Amino acid sequence: MANIISDETIEYVGILAKLELSDGEREQAKSDMGRMLDYIDKLGELDTTDVEPMSHVFPVQNVFREDVVTNGDDREQLLSNAPQEKNGMFMAPKTFE
Amino acid sequence: MKITDMTAVQLSAAIKVGKATAVEAAEAVLSQIEREDKKYNCYVTVDREGALAQAKSVQEQIEAGTLTGPLAGVPVALKDNLCTEGLLTTCSSKILHNFVPTYTAAAVKNLKKAGAVILGKTNMDEFAMGSTTETSAYGPTKNPRNPEHVPGGSSGGSAAAVAAGECIYAIGSDTGGSIRQPASYCGVVGMKPTYGTVSRYGLIAYGSSLDQIGPLTKDVSDCATVLEVLASHDEKDSTSVARDDTDFTSALTEDVAGLRIGIPNDYLGEGLDGEVKTAVLQAAEALEKKGAIVERFDLSLVDYAIPAYYTIAAAEASSNLERFDGIKYGYRAKEYEGLHNMYKKSRSEGFGEEVKRRIMLGSFVLSSGYYDAYYLKALKVKALIKKAFDEAFAKYDIILGPVAPTTAPKLGESLTDPIQMYLGDIYTIAVNLAGLPGISVPCGQDGKGLPIGLQMIGDCFQEKKLIRAAYTYELCEKKF
Amino acid sequence: MSKQYETVIGLEVHVELATRTKIFCGCSTAFGAEPNTQTCPVCTGMPGSLPVLNKQVLEYAIAVGLATNCDITRYAKFDRKNYFYPDNPQNYQISQLYLPICRNGGVEIETAQGGVKTVGIHEIHMEEDAGKLIHDEWEDCSLVDYNRSGVPLIEIVSEPDMRSAEEVIAYLEKLRLVIQYLGASDCKLQEGSMRADVNLSVREVGAKEFGTRTEMKNLNSFKAITRAIEGERERQIDLIESGESVVQETRRWDDGKGESYAMRSKEDAQDYRYFPDPDLTPISVSEEMLAGILAKQPEFRTEKMKRYKEEFDIPDYDIDIITGEKPLADLFEATVALGGQPKKVSNWLMGETLRLMKERETDASDLCFSPENLAKLIGLTERKEINSSVAKEVFEVMFEQDIDPETYVEEKGLKTVNDEGALKKIVEEVIAANPQSVEDYRNGKEKAIGFLVGQTMKAMKGKADPGTVNQMLKELL
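Top to bottom, those sequences are chains B, F and Y. Everything in the first sequence is counted per the working numbering, starting at 10 for the first residue and increasing by one. Everything in the second sequence is counted per the working numbering, starting at 12 for the first residue and increasing by one. Everything in the third sequence is counted per the working numbering, starting at 10 for the first residue and increasing by one.
These are calculated hints, taken from the structure and not from any lab test. Some clues are possibly wrong.
Unchecked claim - Covered stretches of chain B, as calculated for chain F (at least 3 residues, CB under 8 Å):
(1) 24 to 32
(2) 39 to 49
(3) 62 to 72
(4) 81 to 95
Claimed, not checked - Mimicking DSS-like on lysine-lysine, the simulated pairs with C-alpha atoms at most 30 Å apart in a straight line are:
(5) Y:90 <-> F:397
(6) Y:90 <-> B:95
(7) F:475 <-> F:301
(8) B:51 <-> Y:86
As the list claims (entries may be wrong) - Some chain Y residues near chain F, calculated using beta-carbon distances under 7 Å:
(9) 50
(10) 56
(11) 57
(12) 59
(13) 61
(14) 89
(15) 93
(16) 95
(17) 101
(18) 276
(19) 280
(20) 282
(21) 284
(22) 290
This one's a predicted model, so the numbers in the text were calculated from it and none came from an experiment. Backbone N, C-alpha and C define an ideal beta-carbon position, used for all residues, glycine too.
Using the sequences provided together with the hints, build the complete structure.
As structure tokens, this is what we get:
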């Protein structure tokens, strides 16, 4: 296995992705990710010099909307799924000390 | 004929002439669900009350002459990643266990306008990540053709519901084969249209550049009919394409004379089950007898589609699934310390293993230092794959091959080795990378009685050629 | 401090665009609505929702780019910037990294030494604003309001070309003026429609390399910016002098305490995993689109100053002040177009308007009186229907609530009494009642007549024209 994924990498990716893994999951994740990356490394066999990366398959461009208000107020609906709400707002753990 | 055995076209015709009513149709299918679903677990949510109310209202409109379309009064099942206002939508995930959307997906609105009666939401692989419907947080769905086997995935609930008569037709989504492969495993017709044909507004995203909504039906006529209703240009989806050729039912003709069909040698090689290979080649022969020109050819880069796909899909998924954070909707962990711990706990407890695996991979390939080597590289390979298809379609109208290397595996056999599972997508995945339309049509069964699927792939916007060929093939099959 | 240090400053300026709707959905951007009442599935990150670009945002961004001498990117894209925070409903912000809409521009500023220097603009990109977080003391938690989520922003990233707080202010003033002239934003620092983050490093004078920079956020006024720059310069020099090194980090300025603190946390990896947003299509800027936007570019300040000089007989100083605020220039031109004599209009703006703006701390963009009413007021004084002190009184009311001065004067009975007979009667009474002043005047004390005019005005409750009164007194004496 060429790609050795360290504990630090898993920890770092966990911070980026906001995932916390148990010890067992962590070992599994290290092995899975290493194997997947080995597999993806296959792409390196292809010469892609001068190839433009393709994010959209079709040349659809310039899709715009006019600057016209179309939406009303549906706050009640919006908040209907909130785990916690107060005064018409979503409630989250405090963001700064 | 029993209502639950009818196709959508047959049922709507029966309703139109008064041989059945929309309410009778809904009741028949609902009681089939009640009888059968304990065995198959096709549905996450059955909306009995809602379906009957819709059926009543649709019947009134049919009688008043305001609803005349070919889907009026026909009951449909929706994959549980399509937002439905007021109706639980879970993506088969714990993280959305209580999520009730505040709006309805554009594609579903099109169906409702055509008088469809929505029965409920079908089971799927969690967030459409999987090929067996076993990654669902609400238990696996079983294949109605043999309940010891999986129905395929990720639209496994939809495919199984069609096969079990628990709906007349169903809607799925296809990111890497998620309509075509379960259609193949369950012996029904499934189609993934050209990217941009059906609005993605209201489809809970997995891989945004790959996702398309499409039909799972009992036959090709239903497939064309449903796709015609689903397709529309939507101003709310920037990637939606304005097309004036979505009269797909006009292609329901028995005519393949002169149609050039190419079979990639790469789709018949190592890993392909012998029985599947035989069935697919027999299907090609049947089309040849009808006047099609069938050739073998080398489609290059087939082995690179899977690694490119999993890089792109995982990257997009890692970003698309960031919004599930326990603040606005869905699951929030019971105990946590502070904001970031709340995020981590809610997401770690809310997402299943396969989803976490892909989020981790996707976050990694986008992270600083790896973006060029993995993500950008995959986008370049995608460009090469698209080019390979362009070259193929310069020679052929249709590319023909199997949908999957094998028939449906047994429950519990696939999840142990993720890479082995991903390899099962080898024939379907490139179609999504290149944005092409693809259809899966039943073409026999193996020695165990499990269905085999024939895949036909068209160039962009060439769904009609696929429908014509599939319809012609289906007629040959019926004559046997 | 033995060594001489130079401060190197670059700015990231966020400007809220004056569109009616948000950047990717049809929700209103109006200020001050009840929390979460201007939201929809798109700007609250509901599953399945998709963004569609507001065309006006692109046009404003290109217009600002053209006005700041940028190259317009002919093939631009949006990227996702991924980071978790509750004010960011999707937990990614749609922004531009790889192909921003404008690049390689610059504006000229005047330096303290009276010279001119160019501050380079590295790029301008379009992005969406975040929601607002309110700290709830009672529950000790944060409350999230998404009304501002998705409000369009442009971020103007300068080159590290500024060397002092004065240059920073001059650069910001320049940007503010250009953008106000374009009508692309009202650019209010206090209300947050213009926000500046300061990237600052110090180096020894003569050094070739830049020092390590920090980024300072939360600067809500020119004064705060000046104080933060001074504070950060001192802090960095102290670190260097004491042998420590500056850490590259984001710091939050606390203007009350006059100090900054680092905003770092273990959970904040600063790795945004940018990638092209698959939900939005690329932007291709055609020649026609550019020509269309160019044709709509307004007359900018230098052109306006030149034209004022040619067209109106008003002092250069007045021109400088009036064109220095787009709303003042608009008021001036509209009032002149309604028949106000340019010099008189200018006097009202330069005198009473500026005085009251200063006194009430009113922004030029918040002036509420209409050119119609200013023209009417000037008309009233020209026709001598009210005298200047009454006019000032009326103007003050107009400044507050844009009343129609003609109706107001009528209703309050403030019109000058032009009835010669009535006036003469009062004047005669004043003469009779003040023999000493009359005596003084007749003995050559010219000033004494002033007292008599005053007495007459008092008796008339101010509703007389002082010139006429003066004339009449002289005749009668």
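Index of numbered hints that the structure contradicts, given in increasing order: none
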